[in-house]
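Protein chains: 2
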Amino acid sequence: MTNETPVPLLSPILEHLRELHREISAITAGEVAAYIPELAKADPRWFGICVVTTNGGVYEVGDARQPFTIQSISKPFVYGLALEDHGRADVLKKVGVEPTGDAFNSISLDPVTGRPRNPMINAGAIASTGLIEGMTPQVRLRRIMEMFAHYAGRELSVDGEVYASESATGHRNRAIGHMLRNFGILREDPMPVVETYFQQCSILGDCRDLATMAATLANRGVNPLTGEQAIRGEYVESVLGVMGTCGMYDYAGEWLYEVGMPAKSGVAGGVIAVLPGQLGIGVFSPLLDGHGNSVRGIRVCSALSRRWDLHLFNRPGIGKSVLRLRLTAAEFNSSRVRPAAETAVLREHGQGLHIYQLQGNIVFATAEPIIREIAERTAGREALILDFRHVQTINESACRLLHDVLLQLHAAGIAVLFTEIGSASPLRRFMKAKLGTRFAEVFRIFDELDPALEWCEDRLLARLLPAQPDTSIAAQHFEILAGLNSNEIDIVMKMLERRTYAAGDAIITAGEPARELFLLARGTVTVFLPLEDGTRKRLATFTPGSAFGEMAILDRAPRSATIVAAAPVTCELLSLGKLAALGHTHPRIKIQLLENLSLALCRKLRKANREISLLV
Amino acid sequence: MTNETPVPLLSPILEHLRELHREISAITAGEVAAYIPELAKADPRWFGICVVTTNGGVYEVGDARQPFTIQSISKPFVYGLALEDHGRADVLKKVGVEPTGDAFNSISLDPVTGRPRNPMINAGAIASTGLIEGMTPQVRLRRIMEMFAHYAGRELSVDGEVYASESATGHRNRAIGHMLRNFGILREDPMPVVETYFQQCSILGDCRDLATMAATLANRGVNPLTGEQAIRGEYVESVLGVMGTCGMYDYAGEWLYEVGMPAKSGVAGGVIAVLPGQLGIGVFSPLLDGHGNSVRGIRVCSALSRRWDLHLFNRPGIGKSVLRLRLTAAEFNSSRVRPAAETAVLREHGQGLHIYQLQGNIVFATAEPIIREIAERTAGREALILDFRHVQTINESACRLLHDVLLQLHAAGIAVLFTEIGSASPLRRFMKAKLGTRFAEVFRIFDELDPALEWCEDRLLARLLPAQPDTSIAAQHFEILAGLNSNEIDIVMKMLERRTYAAGDAIITAGEPARELFLLARGTVTVFLPLEDGTRKRLATFTPGSAFGEMAILDRAPRSATIVAAAPVTCELLSLGKLAALGHTHPRIKIQLLENLSLALCRKLRKANREISLLV
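Protein chains in written order, with my numbering: chain R, 63 to 678; chain B, 63 to 678.
Hints listed in this document are in silico derivations from the structure and should not be mistaken for laboratory results. These numbers were taken from a predicted model, which means no experiment stands behind them. Accuracy of the hints is not assured; some may be wrong.
Copies of the same chain are indistinguishable here, so a pair counts whether it falls within one copy or spans any two.
Computed cross-link-like contacts, DSSO-like style, restricted to lysine-lysine with a CA-CA straight-line distance of at most 30 Å [claimed, not checked]:
hint: 1; residue 1: K666; residue 2: K599
hint: 2; residue 1: K666; residue 2: K640
hint: 3; residue 1: K494; residue 2: K599
Make the full structure from the sequences, and use the hints.
Dropping the structure here:
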């Protein structure tokens, strides 16, 4: 028993990382980069790992807060900013996307056009930096730093000494700059561009920053810890695309085969890896292999991919994971309390009212089985409710497919209703854009599932049952008076007090003492539960012929809910006092009333229990 | 209204494909392959598209049933068989996985080891074919053909004329064979291996076959149409890995950037693309570009990737999509019917009994937020029920994490229960392997959620309420007799008939007429619904003090369920006749009984309605 002492548990994820950190600490192969003195100062023992998930989980071990310069890891992010500034087509004219199989510092320009083969080699990265918009180098650097702040969730800074050292020794990169200018890939003086490139490489970050940046790419550009958008979602696939084929220099094929995540390494010892939709990894260890990749960084990513099954190409079938509930009105009904005859009609004929409740991310492949079922399961269907309460995201491709199939449903005379569409607002926008003002004619939108289902049920009942004139129901039709003879009914009628209410009037207010039983003669009433935040939740509605307010009468508690007239309402009230007196003066009548009440409760309970077993 | 005329709807997915087919039919660029006469016979107008989803959806347009030879598309599949025969490490010694940036027929052997750079160039493909186990070329070909039959879901055949023509002109491939023999990559006479390679390239398939083969790779090796396993799931990532970097010859970088799906093309005009977990695409159009890829095939894959958002790197955050329900026993209870005092204790103290119902595919990233919550939300927790009813798959990494965190919960004295674990049987196997016979001590397994929850509730109540001696309950403690004075209780007692039952006895049998109301004095009874398949579904249990069998009494219907003694049971029976008589002889007593009954029903209904609103 732990009521007394809450036990803090060890996260098994963190434990796995600690174990891995211990194991891989034993590897001391590789060399610290020495091409500039500042990098050579790195302690070869530094070793940090951090994993950040798109759900906002953060797991860090070792020297995860040790700052270092991100170096080439800056390349894909700056490339992403260039894509935002110019679009894919224009950027592709300046920088290709083919792997070279060459080392990181190879020049690799197309011999004819001078276009660098890809943005992960220095030439392509400098060309990308040259594409960043801004009137001055200062403005361009500030935009780059702002972008990194969004990715990392905090301001990062440039290491002045590393930058100075890069600048003092970066002759090869200056040569590349001039070659790019020669081919017209850079349109202006290449030297400020090369300086900005040296600065972006000299940005200081730690493993936690790297993992957060990677997780932001995994999360379609939204930082999962801050919620800030660091890059427009549509460009994420392009950034990850070049990381996938060119991110690990001439090790890209083996990397994608073994590790199966787009990745990028930097010469200071940082590595990031991205599992789209899921997580980002940041590793730091300055010991490099001959390809210029961190030895331990590669080992960590390989081991995590293997142990946690992270390989991008190793995915189980998506299945119907997006379908949370599939119901029909023959088995599940709104909370409207109806006469037994209406309930019986719904049970018998409700199988044409379909409810699909969706969950999670709706993309092409998760929408496909739903679309297929919508298109194929038409026999006898009258209405379709799509409930989006548990949906996280919906993409445009799924919107288009739903739009196309639902429009056909509408054309076939089938009512289509959307409920809780807030979480799927792209669908609403898409349909409004397609249909304009027709949208509201074609589709019905309800805030909640319950009233939408009630609307469908009412429509079905209106078709199948004789129309009820909007007059007060006769006493002998109150369910609670069933089985009484006309003499007994007269006795009860004399005890009743008639009250009328305008639409919107409160008939019962939560918290009041319970003094009467209400028989609903005309109109509709709605039961609301007042919530703590001042709003109210709709619990049920009642139709003429039914009784309400019996619960507080039976348990002698204050009213638990508020009941409001949804239309002009007439009620017959039986006061608690008269009901009690009835037990003495006409016990047979009271017994019959109580039996009827119990029977109505029994039926509701049976229905509720049946529904619960469908929902769990 | 469509009750009369079910309208067959057009699949919007098929419509999109038809539109695309029309658009891309206009493209007539490219040349039919002419290096052997049989391929040159192809009609350049042939054009088919097929998409098969891992959910078993099949969408085909155009010449999707036109047979053609699969050519190089055979390479990744045969490579997969080599992996199954030898394992990844041994195969990697013979064939690399680095893209070459070279054309399909380049020799590209490592100058020192002779190892082909990757299995998608001819040299690597021939080396892969040489790795297929079998005593004779006939056996090896038969194994290859059997594998393809699993992938395609039907027997495929070799086109004899194309094979003869390939064989007659395949001098370059023979040269490659001898080079591979020279370096010891092939261990025996290379000529039969090259012949088998010609045969695998000459296998006839159509677009539907290709799409099914691709969908099988997308579905971790299980053909989604037949359910047959074509390749062990663990090797699928490797097959897709080489397709991802080397599948489209020297166009691989741009392909992964633009289309974002592992793919493979063949010189007869076929293209496959795979979106892991989701779908496979097969396209056929014999017009080839300079890289040897089908012009229309590439256009179709690019367009589908863009229109349907299929890019592998464009994934929304996975979120808590795997958590279907999160409940506590303070808000949701088992179907056990309890005295009001017990129900009140559960509402007040049930927040330490946690229920997580999971859904879909449980992998590292979907398990992570659940694991995190399990590890962090320990305060006051007494029990955790994990329900797997809606789970599709669970991978080993998720099993390991769950195992580690749940073992800690157990060590902290928190009960851990698994329900409906059938769909998550890898978890059961994993835990049994880890814990051996301790497994059953540490974790409790229940078929269904309801009895597991009941077990937890009972455990909590046993701790918080005074122990109930296992003796018959005194009459004044029957809920239905509350409010009667001792004289009235005596009157009722005289009307009751005591019956005892052994554990397992049927107390009520479904279908019988209802003749009595049962007051449960001692023991527990279970309510079962008989199902059409001969089994029965557990609906509820009752504890001493409660009444059962009232429903059929009230609505005068036959018994709807069977009620069985779960332990030695004592009941007090009130016959229908005596209950009716009570209305005449002692109406006050009957009124009190009915009020008590209504009140009990009211409370159950309130609870049920509250629960429904939690579940939808």
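Here is what the structure says about each hint:
Taking CA atoms no more than 30 Å apart as the test, K666 paired with K599 passes in both settings, with 20 Å inside one copy and 20 Å between copies. For the identical chains of this complex, K666 and K640 are neighbours both inside a copy (26 Å) and across copies (27 Å), given an alpha-carbon limit of 30 Å. Only within a single protomer do K494 and K599 lie at most 30 Å apart by alpha-carbon distance; the minimum there is 28 Å, versus 46 Å between protomers.
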